[in-house]
Amino acid sequence: MRSLIAMLTDFGYRDGFVGAMKGVILGINPEVTIVDISHEVEPFNVFHGAMLLRAHFSYFPEGTLFLCVVDPGVGSERLPLVVKAGGYTFVGPYNGLFDLALESLREKPRAYRIEKFTLPVVSQTFHGRDVFAPVAAQLSRGLRPEEVGAPIEYEFTLRLEEPCMEEGWMVGKVIYFDRYGNCVTNLPCGNYKEGKFRGQRLYVVSHFLQGERDKPALICGSFGMMELFLPMEGAREKLGISLGEEVRVRLANN
Amino acid sequence: MRSLIAMLTDFGYRDGFVGAMKGVILGINPEVTIVDISHEVEPFNVFHGAMLLRAHFSYFPEGTLFLCVVDPGVGSERLPLVVKAGGYTFVGPYNGLFDLALESLREKPRAYRIEKFTLPVVSQTFHGRDVFAPVAAQLSRGLRPEEVGAPIEYEFTLRLEEPCMEEGWMVGKVIYFDRYGNCVTNLPCGNYKEGKFRGQRLYVVSHFLQGERDKPALICGSFGMMELFLPMEGAREKLGISLGEEVRVRLANN
Amino acid sequence: MRSLIAMLTDFGYRDGFVGAMKGVILGINPEVTIVDISHEVEPFNVFHGAMLLRAHFSYFPEGTLFLCVVDPGVGSERLPLVVKAGGYTFVGPYNGLFDLALESLREKPRAYRIEKFTLPVVSQTFHGRDVFAPVAAQLSRGLRPEEVGAPIEYEFTLRLEEPCMEEGWMVGKVIYFDRYGNCVTNLPCGNYKEGKFRGQRLYVVSHFLQGERDKPALICGSFGMMELFLPMEGAREKLGISLGEEVRVRLANN
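Protein chains in written order, with this note's numbering: chain G, 1 to 254; chain P, 255 to 508; chain C, 509 to 762.
These are calculated hints, taken from the structure and not from any lab test. Where is the CB? At the ideal position from N, CA and C, for every residue including glycine. Keep in mind that the hints are not guaranteed to be accurate.
Where chain P lies over chain C, by a calculated footprint (3+ residues, C-beta under 8 Å) [claimed, not checked]:
#1 519 to 528
#2 564 to 575
#3 688 to 701
#4 732 to 741
Partial list, derived from the structure: chain P residues whose beta carbon lies under 10 Å from chain G [stated by the list, open to error]:
#5 F265
#6 G273
#7 F301
#8 H302
#9 E415
#10 P417
#11 G488
Simulated restraints on C-beta separations [unchecked claim]:
#12 R413/P with R706/C: 52 to 62 Å
#13 V121/G with R649/C: 45 to 55 Å
#14 E570/C with M486/P: 33 to 43 Å
#15 P151/G with S566/C: 52 to 62 Å
#16 F156/G with N699/C: 37 to 47 Å
#17 K116/G with C672/C: 57 to 67 Å
#18 V376/P with K746/C: 55 to 65 Å
#19 G340/P with M232/G: 24 to 34 Å
#20 M486/P with K723/C: 50 to 60 Å
Starting from the given sequences, assemble the full structure and let the hints guide the process.
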């Protein structure tokens, strides 16, 4: 059965872990299409994984299965899960990894703990291969989520911190660095007049080339959030920016 | 419709940008096969991308669509393009990225600016996802290039610098380093007798194991150009070689 | 013809070498599914590649073709090979790369040297593209291994060093570091009571979260071997562990 599994993990590209998962999947459903979102989530960083899933999942067609594993608690009592919401299915550990994506869907998620359809032998260190991959593959062949195990009440544990207002400024912070050294903030895209960073004024541009060399600026970026960037350079390295640093914006009509 | 899209970008493997593009593509054409050439083009380095495309595109079957995005001018007035030549189709920004491949095809390219078939909302920072991916997907389903927009006269802006001749020597330079630290030059493969680098004689070998430990040598490499290498070591790091350093060769019959 | 090729190389993701191989494959068999195991095998490190293949190959379905290229001797007299064993087919250089996987199959491998079905022009530096990819593609379309060339007697050249026994301890060593900094040993998983490393006692846990902060511990890991790890940290970097360092375990019933 032709269907689509999109994978997101912190397994990296080097050790072959993702390959083993795909071997398991294709053994169960040789017709499935598998796409990698990223396997370079920072090791154990559930928030990082949740950020990437939230940024990209809605560009996938309805019916896509997201097989996501950032799982510091593998082998412990944390539950393995299948979650349905917004026409998508999510398979992975119950640790908040799906929360940012699910939150943006504004639909109550239906969740089931995985009790069946794992590999015959389940290791305590690699549920990606032994639990989540085979279950995702079965779902891609038509298994219904409610068949994998008992329904559970889904609780959100991870949230994108909201910016706060302070004297006309929206106060946010840096939450992610992309490959280019752009600094993604938790400030939603909007029609801002100006920004502030380390006491200095930031101008707001609509595309990267509008920026002036060596002047940090703000732009509505590819994650759907405001990003602080330096034209043609990595702002992160050049300016030594850390996660959590404060960035402010002010609306155009202020 | 089964067809083949080969992707080349500077988006990296970490941030999920390539995944989002694939989500868009598979939403439009679930049957397409997608292959990655590289997503580790040096950020903003159009020449680097053009080099890789030129090296590898002709190994793909006729009809392949190349979806290439190294796009420092994203969101600016640079044009989004579809180009046909030599039985291949290229989709991406009009900034020289296709020039080295097109030049080797010796066929006048037919080019069209993209005016339709983008996503409903087009960001100013991610045309890979919002413009190029959906257009490539439509082309993979049978859309003809002339349907995406007006034809334009294709102009080449990027060229592989030709080596020059000097007292019987062909004088080239290092233009790329591969993963192994081999130094790719702009000297075409040929029946050379010897080379010169930093005033020292280089011998020419036909396979890597012919090299002698610690002695830099020249070989006709995987890019179809002469490469300076060190047996089982990275010449780049070991010898501290920089891009642009001069390398000379002399023909066997000189 | 729908079939599965799993790739393992030291070509990296940056230079496009793997993309060119896939172009060649899909030109010959557009229906084949291609999966990456890893392309980040340490350059020229045949043992590293053999380790990864051994760890993951059995999770792929019967009939899978493994196209593996870690090939420091490319272009020299080392043979290009197709090997059949255990329902799998392996294509690549005859340098021990398949040995650890083949050894675990306990079935005499049938091997054939590749003499046909290469690209018309074969370089001396890139047999992955010019020899192994086209042969793997033909095999994926139904070519039988015995059609590629003469049978040869397969000889093993690479072996996983066996731990030795010493006063009730099984003495092994570190043979691989994974992305997380976990230290994979050559000690098989088993019901161990305790371990020893650098003179200090190691406790044995069954999942990562059982570990105590800053205390190195042992676990049966994703490679099917005992691993030395530090909870939520990379043991390799934190403790400065080198390949070959001794690790000991003692059975529970001692």
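- Message: Taking 52 to 62 Å as the stated bounds, is the beta-carbon spacing between P151/G and S566/C within them?
- Response: violated (34 Å)
- At a threshold of 10 Å, is the proposed contact between G273/P and chain G supported by beta-carbon distances? Hint on G273/P: holds, closest Cβ of chain G at ~3 Å, below 10 Å.
- Pairwise beta carbon distance, G340/P to M232/G, judged against the given window 24 to 34 Å: Given a distance of about 32 Å, which is inside 24 to 34 Å, the answer is holds.
- Message: The hint says 33 to 43 Å between E570/C and M486/P; measuring C-beta to C-beta, is that right?
- Response: holds (37 Å)
- Taking a Cβ-to-Cβ distance below 8 Å as contact, does the segment 564 to 575 of chain C have at least three residues touching chain P? violated (count 0)
- Pairwise beta carbon distance, F156/G to N699/C, judged against the given window 37 to 47 Å: holds (40 Å)
- Should the hint that G488/P touches chain G count as held when the rule is a Cβ pair under 10 Å? violated (18 Å)
- Message: Would the hint on F265/P be counted as holding, given a Cβ-Cβ threshold of 10 Å to chain G?
- Response: The hint holds - F265/P has a Cβ within 10 Å of chain G, the shortest such distance being about 7 Å.
- Could you check if H302/P really has its C-beta closer than 10 Å to a C-beta on chain G? violated (14 Å)
- Given that the segment 732 to 741 of chain C was listed as covered by chain P, double-check it with a C-beta distance under 8 Å for 3 or more residues. Result for this restraint: violated, n = 0.
- Item | Whether the CB-CB distance between R413/P and R706/C falls inside 52 to 62 Å | holds (58 Å)
- Item | M486/P versus K723/C beta-carbon gap, inside 50 to 60 Å or not | violated (39 Å)
Consistency note: the structure conflicts with the earlier hints numbered 2, 3, 4, 7, 8, 9, 10, 11, 13, 15, 17, 18 and 20.
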